[in-house]
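**Student:** Dock chain Y against the given chain G, drawing on the hints supplied.
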Amino acid sequence: MVELTIFALGILLIDLMVPRDWKWINGVGAFIGVAFAALCVWEIQSMSPGGAVGFYNSLQVDRFAIFFWYLFLAAAAIAILMSARYLDIEEEHHGEYYALLLLSVVGMMCMAAGIDVVLIFIGLELMAISTYVLVGFLRRDRRSNEAALKYLLLGAFSSGVFAYGLSLFYGIAGSTNLRDIQRAVSAQNPHNPVLVIALLTTMTGLLFKIAAVPFHQWAPDAYEGAPTSITGFMSVAVKAAAWAMLLRILVFGLFPLRSVYTPVIVIVAIATMTGANFAALTQSNTKRLLAYSSIAHVGYMLLAFVAMGTSQPGTPAFADGFKGILIYLLVYTFMNLGAFAVITSLRQGNVIGDELDDMAGLYQRAPVEAALMLLFLLSLAGIPPAAGFLGKYYIFLSLIESGHYGLASLGVIYSLLGLYYYLKIANAMLIRAPMETERLSVSLGMRCAVGVTALATLVIGIYPEPAIQSVNWSLGIVKSQTARPIRPIRR
Amino acid sequence: MVPITTIHYLVVAAALFVLGVIGVLTRRNVVVILMSIELILNAVNLNLVAFSRMWGNLHGQVFSIFITVDAAAEAAAGLGILIAFFRNKETVNVDEIDLLKW
Chain G
1 MVELTIFALG
11 ILLIDLMVPR
21 DWKWINGVGA
31 FIGVAFAALC
41 VWEIQSMSPG
51 GAVGFYNSLQ
61 VDRFAIFFWY
71 LFLAAAAIAI
81 LMSARYLDIE
91 EEHHGEYYAL
101 LLLSVVGMMC
111 MAAGIDVVLI
121 FIGLELMAIS
131 TYVLVGFLRR
141 DRRSNEAALK
151 YLLLGAFSSG
161 VFAYGLSLFY
171 GIAGSTNLRD
181 IQRAVSAQNP
191 HNPVLVIALL
201 TTMTGLLFKI
211 AAVPFHQWAP
221 DAYEGAPTSI
231 TGFMSVAVKA
241 AAWAMLLRIL
251 VFGLFPLRSV
261 YTPVIVIVAI
271 ATMTGANFAA
281 LTQSNTKRLL
291 AYSSIAHVGY
301 MLLAFVAMGT
311 SQPGTPAFAD
321 GFKGILIYLL
331 VYTFMNLGAF
341 AVITSLRQGN
351 VIGDELDDMA
361 GLYQRAPVEA
371 ALMLLFLLSL
381 AGIPPAAGFL
391 GKYYIFLSLI
401 ESGHYGLASL
411 GVIYSLLGLY
421 YYLKIANAML
431 IRAPMETERL
441 SVSLGMRCAV
451 GVTALATLVI
461 GIYPEPAIQS
471 VNWSLGIVKS
481 QTARPIRPIR
491 R
Chain Y
1001 MVPITTIHYL
1011 VVAAALFVLG
1021 VIGVLTRRNV
1031 VVILMSIELI
1041 LNAVNLNLVA
1051 FSRMWGNLHG
1061 QVFSIFITVD
1071 AAAEAAAGLG
1081 ILIAFFRNKE
1091 TVNVDEIDLL
1101 KW
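Protein chains in written order, with this note's numbering: chain G, 1 to 491; chain Y, 1001 to 1102.
Chain G with its partners taken away, still in its complex shape (with noise of 0.2 angstroms):
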C-alpha cells in the first residue's frame, strides 16, 4: 500500500516534467507501480503465510486480503494498459488520472483487510473519492461532469449513512474493532432497536456501495458518463472493494446478527435481479447495459450470501456460498474488463463507441476482437465453456445444498433473460452490416488487456483447478475466524 501511494506521489511529480507528447510515460510509471506492489504482496504472502497484524489492530493481512490485493492489482493494470491510447484520444492524458487510480487502489486494499471500522471507512472514502474525480474526468464533456455529480452526491450521503450506522456500533461495542464489536453484537439481543437501526443504516451503507437495488440508481449514470476505461476499472476492482468490505462487515464483525440481516438480503437480491435484468432489456447504450448486467450479477451473488447466512459455519452450503462469491468476484474481473476493453477500443476519432450501432459489424472491422467479445459474452451470459459458468455454478450449488430451490431457479431463470441482451450485443456485432468500413485500430496495450482477459476467462473456464484452489486457499483462514467466536452464541 506504501509503495503504491509512493509510486502515485511520484507520477504526480514527473507528470509537472514530461512534455505534452510523453505522458504515456505516466502509464508505465503506474504499470510499474502495481507490478511492484504485486511483488510486495507476494513477499508479504511468503513470510507471514498464517497472516499479520498491523497498525495497532486495524490491519489484518490474512488470505482473505491477500486474495482480494492480487485482484485489484490485476484490474488496476489491466485498467492501465486500456487508457493510455482513450485519454490521448479523449485529449485529457494527464498524470493524475494514474496517480488517482493507484490511490484508489490505496483505498481498496485497506478496504479489504481492515478489521477497524475506521481503517475501513478512510479506505472506503480514499477509494470513493478517488473514484468521483476519476469519473468526472473528461471535465469538457457534459455527461461525465453529469455523471461524477450525481455519483459523488449519492455516494457521499450513502458513506454518511454508513458512518452513522459504524458509529451506533461503536457505542454499542466501546470498541472500533470488528472482533469487539461481534463480542459485543453477540452478547446483545438481536432485536435491540438500537442494534436494528445500526444494521440497517451500515447495510444501506453497504447495499449502495455494491449497488443493489433499490440503492443501484448512482450506477448506470455513472457507469455510462466515465471514462469507458474507468467504467471497467469501477464495475470490477469498486465492486470488488465493496464486497470485501461487506464480506469483512456482515460476515467477520456483525455474523451474530445474521437472523436479522438474511430476510433483508433475500428481498433485495431478488429485487436487485429483477430490477436489473429487466432494466437492462431495453438498453440501447453498451455502457449502460453493461452496468445494469453488472447489478444483475450483485443479485447472483447476494444468492450466494442469503446461502451463506441460513446455514451453520462449517457446513459445506456454507463454504460453497463463500466459495461462489469469490470465485464470481474472480471470473467477473475478467470478463467483464475484457468486455469494457472491447467497447473502449472501438472510441476512435470521433466516434465515441458506447451505442449499440457503435457495435454494428464489429466482426467485420476487427474480427479478433469481435470474437473475443462475443467470448466475454457468453461468458457474462453464463455458458458452460467461458468461466462465468463456474462463479453460476457454486452459487445454485450452495443454495440447493441450503435448502432455497426457489431462489435457486429464480436465479436460473434471470440467467437466461440475461442471455437476450447479451445476444442483441452479439447480434450487432456479428450480424448486422457496419456503418462504418475501415478497420479499427487497436494500440499494443488494448491488445495485450484484451488478450489476458480474454485468455483468463477461457483458460478459468476449461481448466477451473487452479482458480478452485486459489479460492479454497484464501478460505482456509476465513472459516477458522468466523467459527471461533461463533461458537458462544450457540450456548
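Wrong hints could be hidden among the right ones.
What the hints assert, rightly or not - From chain Y, some residues computed to sit far from chain G (all C-beta separations above 12 angstroms): (1) M1001; (2) I1004; (3) A1076.
Said to hold, decoys possible - Cβ-Cβ distance ranges computed for the label pairs, FRET-style: (4) Y:M1001 <-> G:F278: 46 to 52 angstroms; (5) Y:R1027 <-> G:S409: 43 to 49 angstroms; (6) G:I32 <-> Y:N1093: 41 to 47 angstroms; (7) G:F278 <-> Y:V1031: 33 to 39 angstroms; (8) G:V412 <-> Y:G1080: 27 to 33 angstroms; (9) Y:R1027 <-> G:I6: 40 to 46 angstroms; (10) G:P49 <-> Y:R1027: 38 to 44 angstroms; (11) Y:A1015 <-> G:Y56: 32 to 38 angstroms; (12) G:V459 <-> Y:N1029: 48 to 54 angstroms; (13) G:T282 <-> Y:L1079: 34 to 40 angstroms; (14) Y:R1027 <-> G:T282: 30 to 36 angstroms; (15) Y:I1022 <-> G:T437: 54 to 60 angstroms; (16) Y:I1004 <-> G:V412: 55 to 61 angstroms.
To be verified - Below, a sample of chain G positions facing chain Y; criterion: calculated Cβ distance under 8 angstroms: (17) V118; (18) A147; (19) K150; (20) F157; (21) G160; (22) S167; (23) G171; (24) G174; (25) S175; (26) R179; (27) D221; (28) E224; (29) V264; (30) I267; (31) E465; (32) I468.
Treat the hints as calculated values from the structure; they're not laboratory data.
Ideal Cβ positions, reconstructed from N, Cα and C, are used throughout, including at glycine.
**Tutor:** Then chain Y, alone, in the frame of chain G:
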C-alpha cells in the same frame, strides 16, 4: 436542572441525521445537498464524541477527527466537480441534471 446524559446527545444527533437525510432527499440545489451531507456527518461526529465520553476511551474521538477530514476532502472534491459541471451547463439545480437517464 436535568443532567445531560449520553441519550440527550444521541437524540440531538438523530435529529441532525434526519434533517440531513430530509435535506438530501428534498432540496434541489446541489450546494444545499452538499451542506445536508455535512449535517449527516456532523451527526455522526456528535454520536462518536458522546459515546467516547460514555465509554471513557478515545477511539470515538479519533474516528470523529478522521470523519471531519473526510468531510473536508469530500466537500473539496464535490465543489470541484460542481464547478466543472457549472462551466458546461450554468446551473446547480438537480432537476436540470437530466442528460443521463434510464
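**Student:** Okay, which hints does this one fail, numbers in order?
**Tutor:** Hints 3, 4, 8, 10, 26, 29, 30, 31 and 32 contradicted; others consistent.
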